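**Q** Sequence:
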Amino acid sequence: MKKKQVTAAILAALLLAAALAGCAQTGGAAATPTAAPVLNLNVCVGSEPGTIDPQLNATVDGATLINHAFEGLMRLDADGDIVPAQAAGYTVDDSGTVYTFTLRDDIKWSDGQPVTASDFVYAWRRLMDPTTGAGYSYILEMVKNADEILAGDMTSDQLGITAPDDRTVEITLSAPCPYFLEICAFPNTYPVREDVIEKNGDQWTFEDYVCNGPYVLTDWSHNSYMLYSKNPEYYNAEAVGPETIKFYLMDDSAAMLTAYRSGELSFIDQVPAGEIPTLKKDGELTVKGVMGVYFSCLNDASKPFDDPKVRKAFSLAVDRNYLVDNVTAGGEIPASALVPDGLSDVAAGEDFRSVGGAYIDTSAQSYEANCEEAKKLLAEAGYPDGEGFPAVEYLYVNDDVSDKIAQALQYMWQDELGVTVTLSARDWSGFMDDVLGGSYQMAGLAWLADFNDPISFLDMWTTGNGNNIARYSNAHYDELITRARDSEDRADRIGNMHLAEDALMADMAMIPLYFNTDPYMIDPGLAGFYTSPLGYKYFMYVTEAS
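Heads up: the sequence shown runs through residues -24 to -1, 1 to 522, numbered per mature numbering (1 follows the signal peptide of the UniProt record, and there is no 0).
Among these hints, one or two may not hold up.
Claimed, not checked - Simulated pairs of lysine-lysine, DSSO-like, Cα-Cα distance not exceeding 27 Å:
id: 1; residue 1: K175; residue 2: K206
id: 2; residue 1: K256; residue 2: K380
id: 3; residue 1: K175; residue 2: K84
id: 4; residue 1: K352; residue 2: K285
id: 5; residue 1: K257; residue 2: K380
id: 6; residue 1: K351; residue 2: K279
id: 7; residue 1: K351; residue 2: K285
id: 8; residue 1: K279; residue 2: K352
id: 9; residue 1: K380; residue 2: K351
id: 10; residue 1: K206; residue 2: K84
id: 11; residue 1: K380; residue 2: K264
Stated by the list, open to error - Ranges of calculated distance between the beta carbons of each label pair, as one might list FRET restraints:
id: 12; residue 1: E464; residue 2: P360; range: 48 to 58 Å
id: 13; residue 1: T131; residue 2: E455; range: 19 to 29 Å
id: 14; residue 1: A277; residue 2: E363; range: 23 to 33 Å
id: 15; residue 1: D69; residue 2: T131; range: 17 to 27 Å
id: 16; residue 1: S522; residue 2: D129; range: 56 to 66 Å
id: 17; residue 1: S205; residue 2: N176; range: 19 to 29 Å
id: 18; residue 1: E349; residue 2: D69; range: 48 to 58 Å
id: 19; residue 1: H198; residue 2: G265; range: 27 to 37 Å
id: 20; residue 1: T67; residue 2: T131; range: 24 to 34 Å
id: 21; residue 1: N212; residue 2: G501; range: 22 to 32 Å
id: 22; residue 1: G109; residue 2: A277; range: 13 to 23 Å
Everything labelled a hint here was simulated from the structure, so no lab data went into it.
Because the structure is a prediction, the values reported are computed rather than measured.
By construction, the Cβ of each residue, glycine as well, lies at the ideal position given by its N, Cα and C atoms.
All chains, please: the whole structure from these sequences, using the hints.
**A** Below is the structure:
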């Protein structure tokens, strides 16, 4: 899932949390019970979201917003385990392909209507329907008939999901899938109401945002804030912490830090790049591991990046150690491949990255030799010393860190390859419009895992995939991913994924730069906050620390 390195708007007036307390009586009278403190939480996880439609979302901060308003069959808990959520439980048949979920009896939509199995069926079919235009439709490829629907040979109502009754969801897979329960906790699979969407169309998230999670969206001042209030219809409302969560929509990291230090914000996950070393040293900045990679995506379908030699030359000319030591400075690791650390291989305890090894020598002492090889490859492509190479544009999201990354890359490419690179910053919406529409040459963005399996980083590069923004196409690669996805043998499927990454990196379909970390600052007086290795933030169980 794309990490939204967003730009932003304005720092609006921020509300301070109010605490309610009872007064104790003196003397022999019994003390008046103290009212539970009311927590109104002010946080910032990004700017104006491109969408908060569960089926259409493709960003990490969008997923954080959706996770506070919706809930799926399963959910990720604070320990990182996938546990039942809207489902009370589930069974799997002996073949490992038929999952039967029994819904809880007490689940309701925010308008009081019961959540039914048909709501899940509608949402999953909607995700697969080509008219929806969901970039994540492929996330359900393991479900029966999904491939045929994606190919246009079947319709979405033939997807292998049914509702035998109001409390039962039955899902049939084309083959066993080891991470299927994680898919059932993925935001794109959350239920939505057919009647609400039919009534309001693509404006339903603005007009009638009926949801089934711990919070409801009660106010949205675009480009300023989104106010979420406790959902009284949520089955576990008593466990929910903050009475309200106000998500401020900002991308000015200096303003965020100022607001945090003044106490106006209790959480931020962007800080000025120049402040990171000091904040880390002082213990104010928390840096968590995350399964993600930041890369320069190339438009492989158009010149000059349709030539693998050009793509490899641009990759070799990047000093990744300089980027992580002097630009990002958040504990990132130079990327020697696409798939980051932290994803499981065949045997228990084995890491896919460690087993697969490095495709790029990122050691500091190798950089000079890498640059010589880069110049050689560019000459072989017909551009000796950069002569005749057209000026190219590097597109990025307009925030502090992305801006510094872009400037560093521009210098490296121009200095080492003799080419001309111009920089173009966009707000998030404009950036995504250009990237998804193919109106770019190079672009910088991050991708975080959707679940703990290497396929989360690999299947997006198949021909025609909705998230294949590089327009990369390799029939051999497509076949390897199909084999990996369809195999019931773990060693075979992991082996095919290693072969697929071999092919992808041999073509240098994109330029991996570094493996991400997840830095943030949170008020030390709060407890109950947690994150996931996917980059999601969970505020619904936050309380004031005792």
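**Q** Confirm or reject each hint.
**A** Status of the hints after comparison with the structure:
1. K175 to K206: The hint holds at about 25 Å.
2. K256 to K380: holds, 19 Å
3. K175 to K84: The given pair, whose Cα atoms are some 20 Å apart, holds under the 27 Å limit.
4. K352 to K285: holds, 9 Å
5. K257 to K380: Distance of about 21 Å is within 27 Å: holds.
6. K351 to K279: holds, 18 Å
7. K351 to K285: holds, 10 Å
8. K279 to K352: Distance of about 19 Å is within 27 Å: holds.
9. K380 to K351: Within the cut-off at roughly 24 Å; holds.
10. K206 to K84: holds, 14 Å
11. K380 to K264: holds, 22 Å
12. E464 to P360: 48 to 58 Å: holds, 51 Å
13. T131 to E455: 19 to 29 Å: Holds: the Cβ-Cβ distance is about 26 Å, inside 19 to 29 Å.
14. A277 to E363: 23 to 33 Å: Because 24 Å falls inside the window, the suggested range holds.
15. D69 to T131: 17 to 27 Å: holds, 26 Å
16. S522 to D129: 56 to 66 Å: holds, 59 Å
17. S205 to N176: 19 to 29 Å: With a Cβ separation near 21 Å, S205 and N176 satisfy 19 to 29 Å, so the hint holds.
18. E349 to D69: 48 to 58 Å: holds, 53 Å
19. H198 to G265: 27 to 37 Å: holds, 34 Å
20. T67 to T131: 24 to 34 Å: Cβ of T67 to Cβ of T131: about 28 Å, so the range 24 to 34 Å holds.
21. N212 to G501: 22 to 32 Å: The hinted range 22 to 32 Å holds for N212 and G501, with Cβ atoms some 24 Å apart.
22. G109 to A277: 13 to 23 Å: Cβ of G109 to Cβ of A277: about 20 Å, so the range 13 to 23 Å holds.
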